[in-house]
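Trainee: Spelled out, the chains give:
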Amino acid sequence: MLRLSLKRRRRLLPWLLLGPGLLWLVVFFAIPLLNQLNVSLQTGDPESGYVFDWAFGTYADAVADYDEQFLRSIVYAAVATVLCFVIAFPLAYFIAYRAGRWKNFMLLLIVLPFFMSYVLRTVAWQLILADGGWVVSRLQDVGLVADDGRLLASTTAVIAGITYNFLPFMALPLYVSLEKVDRRLIEAATDLYASRATAFRRVTLPLALPGIFAGSLLTFIPATGDFINAALLGTPRQFMIGNVIQSKFLVIQDYPSAAALSFILMTFILLGIFAYARALGARNLTEAAI
Amino acid sequence: MRAGDRVRSWLLGGWAALALLYLFVPIFIVVLFSFNDNRGRFNFTWQGFTLDHWARPFENPDLAVALKNSLLIALISTVIAVVLGTFMALALVRYGSRGRTLVDFFIFLPLATPEVVLGAALLALFLTFAFNTGFATIVIAHAMFTISYVVVTVKARLEGMDRHIEEAAMDLGATEWTTFRKVTLPMIAPGVGAAALLAAAISVDDYVITSFNAGQTQTFPLFIFGATRQGVPPEVNVLATGLLVIVLALMGLNVVLQRRLARRDAARAADAHTASLPA
Chain A
3 MLRLSLKRRR RLLPWLLLGP GLLWLVVFFA IPLLNQLNVS LQTGDPESGY
53 VFDWAFGTYA DAVADYDEQF LRSIVYAAVA TVLCFVIAFP LAYFIAYRAG
103 RWKNFMLLLI VLPFFMSYVL RTVAWQLILA DGGWVVSRLQ DVGLVADDGR
153 LLASTTAVIA GITYNFLPFM ALPLYVSLEK VDRRLIEAAT DLYASRATAF
203 RRVTLPLALP GIFAGSLLTF IPATGDFINA ALLGTPRQFM IGNVIQSKFL
253 VIQDYPSAAA LSFILMTFIL LGIFAYARAL GARNLTEAAI
Chain B
727 MRAGDRVRSW LLGGWAALAL LYLFVPIFIV VLFSFNDNRG RFNFTWQGFT
777 LDHWARPFEN PDLAVALKNS LLIALISTVI AVVLGTFMAL ALVRYGSRGR
827 TLVDFFIFLP LATPEVVLGA ALLALFLTFA FNTGFATIVI AHAMFTISYV
877 VVTVKARLEG MDRHIEEAAM DLGATEWTTF RKVTLPMIAP GVGAAALLAA
927 AISVDDYVIT SFNAGQTQTF PLFIFGATRQ GVPPEVNVLA TGLLVIVLAL
977 MGLNVVLQRR LARRDAARAA DAHTASLPA
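In order, the protein sequences belong to chains A and B.
Under our numbering, residues 3 to 292 are what the first sequence spells out, in order.
Under our numbering, residues 727 to 1005 are what the second sequence spells out, in order.
So here's chain A without its partners, still in its complex pose (with noise of 0.2 Å):
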């Protein structure tokens, strides 16, 4: 008797424990986004409400407006995704081979920014790529800036301000992989007379692969949906998907056509992701990103 209710107690218990925060996750995460395509087919105005119509016009007629911003935000992310690995990879690799006994005050130094607002570190940039700022005339004295070019409001400060939000999220997948690389493997390559170049290209580089793919991952997915940088640093001809998902449901209220928008987003990051998991197999996609 009391065997048998310990095993089901035993069964109960996983379900128990995952229970509160499975529903947390069903209710707040997995509903909104059900809610969202319900919202997306509706037709209606700010005024009189909206209902729910079949209205598949506004997908079509949110790709069609907005063509150029998802395009926007497809390259800028890429860009900065590159920009971050070209960043990031030296580093981590420096702080998994080289920095000895200041390895851990290293990854400290990095995951230091994560500990002063965002959104003022982003207001630090406007003032470092000013008009008239330090940073700006010296350009200009070497001629890399028009007399009366500007950084700030351009695609170069959205895009730097993206890749410096974005660094850490590349540089840590980056140094765990690369740490994790057993060090005998390159010995053997180089014993073996491989040189130096060819080692890197054909052993640590193929097993730091699970952390570019994550840092990659981890970098594009949040750049992609980035207002930030392009409302602070950009003019709206720097605007992304994201200021306009924002602006369409907290300024105009038009909600359907917002809910498309962020629907498509959600959609293309994850069919990106899917793409990747294929690449790599999902278990370890999962487990790199994790």
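Watch out, some of these pointers could steer you wrong.
Reference listing, derived: stretches of chain B covered by chain A, where coverage requires no fewer than 3 residues with Cβ under 8 Å from a Cβ of chain A [stated by the list, open to error]: (1) 827–836; (2) 848–861; (3) 902–915; (4) 948–958; (5) 970–981.
Here are some, though not all, of the chain B residues that point toward chain A, as calculated from beta-carbon distances under 8 Å [to be verified]: (6) Gly739; (7) Phe770; (8) Leu810; (9) Ala869; (10) Ile873.
For each label pair, taking beta carbons as the anchor points, the in silico distance ranges come out as [unchecked claim]: (11) B:Asp731 / A:Phe107: 21 to 29 Å; (12) A:Arg280 / B:Val982: 42 to 50 Å; (13) A:Thr269 / B:Phe768: 39 to 47 Å; (14) A:Lys105 / B:Arg990: 43 to 51 Å; (15) A:Val253 / B:Leu738: 26 to 34 Å; (16) B:Gln942 / A:Asp47: 19 to 27 Å; (17) A:Ile254 / B:Trp772: 34 to 42 Å; (18) B:Ala743 / A:Glu49: 52 to 60 Å; (19) B:Ser735 / A:Phe270: 37 to 45 Å; (20) B:Asp897 / A:Phe276: 39 to 47 Å; (21) A:Ile254 / B:Ser735: 50 to 58 Å; (22) B:Arg732 / A:Phe107: 22 to 30 Å.
Bear in mind the hints are in silico, worked out from the structure with no lab data behind them.
None of these values were measured; they are calculated from a predicted model.
Every residue, glycine too, gets a C-beta built ideally from N, C-alpha and C.
Since the structure of chain A is provided, determine the placement of chain B on it from the hints.
Mentor: Just chain B now, kept in the frame of chain A:
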């Protein structure tokens, strides 16, 4: 070859230093301009050193309210996320069998969803059910998107843990609850602490999701974003710097505490070992 190595090493180190510098310039600017004796509304050009803003960081009442809201929201949402997330991690690592991959994927999804989408979807839900947005909805939103971070962090700690210690406790007659309280929890405490710190940091800093679900409630990031047009007051720099210092102090404290605990455990183990030796 030797010289080439040295050059390569220097280049690598130089690049790493530059990358870190890139990460640090804005933080340095924020700290520096908390001491700026600014004239007018904008705190954009250096006018001279002053400690005035540090003496009266809460002078702006709106800012004080915004910061208080942010800290309170972070506290409540972190408690919710840490409790729910830790239990989920426990279930996944300890009892996970059927359906685990699916649950894992479901927990991973919010991390893979852009914040705009999360915020917008949640707002649409609140609108649909005519639920007024404000303090409570911000807490709900923050708990929702930090749970996944908690699960991931605690799971990592649990996976590296020796299961035999828990089994030993149960073999010695401890109930599951006692085992959890006396064995499991103390062992995963560093992981839970790290998860709480992470969740709180993400909550305090969040602008995007909050902007959708805040209603009339102000938070620290919302205040800053709103202030950018009229110029961000230097008190913001003071408070942000203060928060940074507090977090660093907490992290340092955590490290010291862990070390002390580890030393104490080692000493105890040594004592037990000596005591068990035949006289």
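Trainee: Can you list which hints this structure breaks, lowest number first?
Mentor: 3, 14 and 15
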